[in-house]
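Quick note, the sequences are listed as chains A and B, same order.
According to our numbering, the stretch in the first sequence is residues 7 to 257, in order.
According to our numbering, the stretch in the second sequence is residues -2 to 489, in order.
A portion of the hints provided could be inaccurate.
Claimed, not checked - Dumping the calculated BS3-like pairs for lysine-lysine here, alpha-carbon to alpha-carbon at most 30 Å:
no., chain 1, residue 1, chain 2, residue 2
1, B, K407, B, K462
2, B, K433, A, K116
3, A, K86, B, K478
4, B, K153, B, K175
5, B, K288, A, K58
6, A, K116, B, K354
7, B, K478, B, K288
8, A, K159, B, K433
9, A, K58, B, K354
10, B, K28, A, K116
11, B, K389, B, K237
12, A, K159, B, K462
13, A, K58, B, K407
14, B, K407, B, K354
15, A, K238, A, K190
16, A, K130, B, K462
17, A, K58, B, K462
18, B, K407, A, K130
19, A, K34, A, K159
20, B, K478, A, K22
Claimed, not checked - Which stretches of chain A does chain B cover? Using the computed rule of at least three CB atoms under 8 Å from a CB of chain B, they are:
no., segment
21, 47 to 59
22, 206 to 216
Think of the hints as simulated: they come from the structure by calculation, not from any bench.
Quick reminder that beta carbons are idealized off the backbone N, C-alpha and C, glycines included.
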Amino acid sequence: MALLEVKNLHVEIGGKKILNGLDLTVEKGTVHAIMGPNGSGKSTLAYVLAGKAGYEVTEGQILFDGEDVLAMAPDERAAKGIFLAFQYPMEIPGVATMTFLRTALNAQRKRRGEAEFSTPDFMKRVRDTAGHLGIEQDMLRRAVNVGFSGGEKKRNEILQMAMLEPRLAVLDETDSGLDIDALKIVADGVNRLRSPERSMIVITHYQRLLDYIVPDVVHVLSKGRVVKTGGKELALELEAKGYAEFADEAA
Amino acid sequence: MPAVQETVDQVRLIDVDQYKYGFVTDIESEKAPKGLSEDTVRFISAKKNEPAWMLDWRLEAYRRWLTMREPVWARVDYPKIDYQDYYYYAAPKRNALASLDEVDPEILKTYEKLGIPLREQEMLAGVVRPEGERRIAVDAVFDSVSVATTFKEELKKSGVIFMPISEALREHPDMVKKYLGTVVPVTDNFFATLNSAVFSDGSFVYVPPGVRCPMELSTYFRMNEKNTGQFERTLIIADKGSYVSYLEGCTAPMRDENQLHAAVVELVALDDAEIKYSTVQNWYPGDANGKGGIYNFVTKRGDCRGDRSKISWTQVETGSAITWKYPSCILRGDNSQGEFYSIAISNGRQQVDSGTKMLHLGKNTSSRIISKGIAAGRSNNTYRGLVSAHRKAAGARNFTNCDSLLIGDKCGAHTVPYIEAKNASAVFEHEATTSKISEDMLFYCRQRGMSAEEAVALVVNGFVKDVLQQLPMEFAVEAQKLISISLEGSVG
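Can you make the complete structure from the sequences, with help from the hints?
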């Protein structure tokens, strides 16, 4: 059974149509890449999946594990296992990254009726996870994303993902603004989290990221619809030809 | 950026309907006749068995008060107060208690409900204490009288005097006479003068030279009686080289009428002494339409009288319909230091006008002001502060940081700083910011699984972190909870 089914999704922002009948099916344990030119609706898809306000769904549905996602509040979706790694992670002054992680994790656990983590258990977990991602203890004590470099912000997103253990992770242009070394660290972190129990949607403008996070399926998005779906070789084809051809197909 | 709709909705439902301490204690009390006159003043003084000089002092204040006008410069708006419509003295019957066993069980229950332990043996033998938790001596003031003071004997051993001021007037009259009104003069301002005439109780603290007070001292104020005013007077003297940390908490029942609270707090720090004064003010704020609530007109001032002395004010203000309060420091001694750390949260129809005055008189004096104002609902939140350097205050330094956070779009945050430097060597710095909780920030938190309330509480607690760190541990936890409660909706 598919973990995620997006059916004929139409979305507007302030009266402007962004998604035009988008269909997408993600099986459990698979990694899907979504590529497309600027303005094709990639980030809109990510935000609609996560439940951001201001995005009006005029038609279609989103099912997660067979349940209607659109009826759920953002925190409810998070507790069900939908995670979004933000393209531009927010800064939260005065709130230590450690505190943020713990509040989020326990909020999700509470909602699912699971016991909250004790302080020692949580500390051990966060230290181990941070260690794998090359995150210094100092960063955990600093306020969330405040004064973080671009690479640190993205690594912090992956750390949160690793701690929250979602069933579906949506990575919105996680490669943007990263140099090759930072990109490798982030990709390595993501690859560690690949599992038969976890699906991923990797949104990217460039093929480069897919050298490191090798997808099972590649979709090309243009003007708010999926216009082509293929294997990982499709990404290479796009790299060579550019998006021009698909822009025509959609029109 | 607009605040999240949900947040705005929650704020509408808010706190004011959820005030946890709004219950009334059903108890018989003895009151002065309604209204204010010389007879009222005489009545109060007689009730307290005060020395004659104290009565004269009060009467002089009363006569002075008749010639004064209520200040109007604060950014608060309320109907004219009829001072003849209040009771100026209300005391639970069965007064003059020898031990806690004689305290009316209803009152003990009240403090139990409020989470304030009054029985020493319970506190001592009590449940397992979290590591590092210190014991706290409590003076409990119920309407116009102190009903219990704990750990008095133990404090006595180290020479610390901690008792109701009415008792101190009888037992240590010379000491009270020497210091009372020397920081906040009888004629200081309309509300302070009123207090001088009719104050009924409050705490008195004296810490002898070189003594570090062995525990936190605390006064818990509870206003119960209808249509009463509470006029407490607190006087704290830290003698040379001593240290004391003092905590103050306040609550009141939910009533449709406005209750009046006009307190005066005077602190005196002699050479090398340090006083740390913390307040968690949670008076009833009124309902969602602004009906009822406490009018809180308070004069708090500390005098760094000695060289190298230090006074630090920390306040968490979440209650009251009207707040008019400026805990200040007179930096008289050379190298003395003043600090003011404040969190003021307003919600519903609350109006807050609060800040501080740092008056630099001595040489090389320094002061620090960190103020965090949070406005939600239809409230107005004003920071008003004066930093001044006297002509002789060579080397005066001040750092001020005022941050305001807005939740929703119907509230207001205002910053009114006054800076006067009459000495060319003074260095005064002022920083101020105003921000809104952005929808994006809350969405980020909610995407990670936090509910809307949890997200707001997390962001606000981050915003006030610098000030929370200044509170004694036990209070910081309470304050953090209070902040969440003040801002939470009824959801969850």
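Hints broken by the structure, by number, lowest first? Structure breaks hints 5, 6, 9, 10, 18, 20, 22.
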